[in-house]
Amino acid sequence: MANLTRDDVLHLAQLARISLSDDEVNEFSEELSAILQYVEQLSSVDVSDLEPTNQVTGLTNVMRDDEVKDYGYVPEVLLGNVPAVADNQLKVRRMIA
Amino acid sequence: MAAWEPVAEIAAKVRSGDLKAVDLVERSLRAIAEKEEYKAIIAVTADRARERAKQVDEGQNKGRLAGVPFIAKDNFLVFGAEATAASNILKGFNPPYQSSVIEKLEAEGAICVAKANLDAFAHGASTENSDFFTTLNPHDKTRVPGGSSGGSAASVALEMAPFALGTDTGGSTRQPASFSGVVGYKPTYGLMSRSGIVAMGSSLDVVGTFARDVKDASLIIDVMAGRDPLDATTIEREEKGYIDLSGDLKGKKVGIIKEYMGDGLAEDVRGQIEAAVAKMKQAGADVVEVSLPSVPLALAVYYILCPAEVSSNLSRYDGQRYGYSYTDAKDLSESYTKSREFGFGKEAKRRIMIGTYVLSSGYYDAYYKKAQTVRTKLIHEFDEAFKQVDFLVGPVAPTTAFKIGENANNPLAMYLADVMTVAVNLAGVPGISIPCGTANGLPVGLQIIAPQRADRALLEIAMATEGVLA
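Protein chains in written order, with this note's numbering: chain A, 1 to 97; chain B, 1 to 470.
No lab work stands behind these hints: they were computed from the structure. Keep in mind that a hint or two might mislead.
[Claimed, not checked] Think about it this way: if two alpha-carbon atoms lie no more than 27 Å apart in a straight line, the pair counts; the simulated DSS-like pairs of lysine-lysine are:
{"#": "1", "chain 1": "B", "residue 1": "K250", "chain 2": "A", "residue 2": "K69"}
{"#": "2", "chain 1": "B", "residue 1": "K104", "chain 2": "B", "residue 2": "K20"}
{"#": "3", "chain 1": "B", "residue 1": "K240", "chain 2": "B", "residue 2": "K250"}
{"#": "4", "chain 1": "A", "residue 1": "K91", "chain 2": "B", "residue 2": "K403"}
These numbers come from a predicted model, not from an experiment.
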């Protein structure tokens with residue numbers, strides 16, 4: 001039975017790259033436990049003879065020609081929403097201290 | 001404000017010059033301003049709408065939707081306004097291109113006038129999860145309009161425009177249509193392109209249509225349906241298309257879903273559904289009770305698969321590519337975590353966390369894979385049911401519109417609002433909500449469901465049913 005402790009929530013937050021306030025950690029440990037307990041009703045369902053469904057309309061290997069198409073966009077427009085740009089490239093913070 | 005004429009009639013009059021697109025746009029913008037108190041709208045696209053209307057009036061577009069104003073849920077990319085998905089993290093996002101379905105509607109002369117409110121990133125059933133404000137129900141301002149496409153549903157009910165677009169991942173078009181008293185259509189998975197729409201649960205998301213009646217909805221669907229090279233999950237449209245509908249209820253085999261008529265259903269809703277089904281029967285439909293035993297598990301399946309897909313789709317909001325970016329970070333890692341902490345609302349965080357949990361090593365088989373396999377079981381039950389009957393019917397939601405704030409502090413109670421809609425998304429089949437009377441003054445929707453790729457047949461029976469309910 002899933003019962004998420006504060007430490008579990010902090011670990012999940014780290015995996016999801018989200019920092020949480022102290023209040024959120026407390027709230028989530030309760031709420032997420034309740035949601036997980038609800039979905040755990042599936043554990044008793046027997047599906048031993050079935051395969052998982054990944055694509056519901058049965059499409060497989062949808063292919064297209066590998067060619068460059070001109071959609072008429074200029075890089076400046078496509079980069080217009082990027083928080084920091086340098087020389088038409090995304091500028092990010094340093095990764096290694 | 002007078003009701004809009006049927007969509008095909010408006011377009012015909014614009015083509016013949018009897019109506020001016022510029023006047024239609026002004027009429028729509030005026031209705032939006034007059035009904036501002038309902039908070040259905042996040043932004044208007046007035047400048048671009050007026051510009052496009054002028055072009056239509058100059059004869060540059062003689063399309064099937066010439067001059068017809070419409071409203072798009074704010075998770076569609078449309079030129080002329082930011083696309084925020086009602087989230088703080090996307091505030092200020094200017095679409096560099098448009099959704100494929102918007103392009104198709106514009107090619108036929110339709111004009112987007114506004115962007116409608118939603119639960120942020122379409123996570124919710126009431127619009128209360130919007131990072132900006134809650135939309136009020138058009139029939140009772142103390143109640144929610146449903147969600148997540150609550151702004152779109154309310155905008156059509158309030159006659160702000162003749163039609164609106166939404167999305168439906170677990171009921172987000174059918175449920176607000178039911179709560180707000182309009183028609184809401186959820187197509188077969190893949191019938192319409194999702195290119196240029198903010199992704200939520202990619203194995204579930206579809207484009208939803210809101211209109212006042214089935215005929216209007218079918219014309220909009222006909223314009224939008226079909227393959228799009230920009231969305232590899234799209235399917236071929238039916239050869240006959242989705243307009244010029246005919247047929248009646250005589251001899252149609254209809255199964256009422258037993259599991260949806262059980263204890264969880266409010267008595268006043270049950271009364272309206274039973275009365276509607278009785279009228280279908282009187283009109284010649286052959287009605288039987290059908291059981292889909294795994295349907296009660298659908299919500300649990302959905303609340304594993306949907307958050308899993310949400311956590312994946314929302315990983316792109318990291319403060320680097322677009323949207324809100326935390327500027328005081330000491331390094332890249334802190335820029336990610338703080339941008340996401342301050343940018344996302346509580347429900348988005350909740351779903352990301354659940355999704356991360358069910359996809360994490362050690363839990364994947366027990367949750368995600370198990371849910372995908374129960375999904376198969378559910379699909380098989382729909383297949384079996386459709387061997388016995390042509391269509392399935394039932395309620396859209398267990399209750400009428402609930403009070404604002406009623407479920408706000410209990411996420412699990414809010415999730416239960418989706419209990420009668422999620423199975424359709426999991427099975428990829430089409431479903432529609434049509435108004436079938438009121439209970440204590442609040443609209444009730446009747447849900448009709450058809451097999452995959454039977455969208456035309458579904459629209460035909462919905463139109464016939466609408467006729468006998470009127």
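- Item | Hint numbers contradicted by this structure | Hints 1 and 4 not satisfied by this model.
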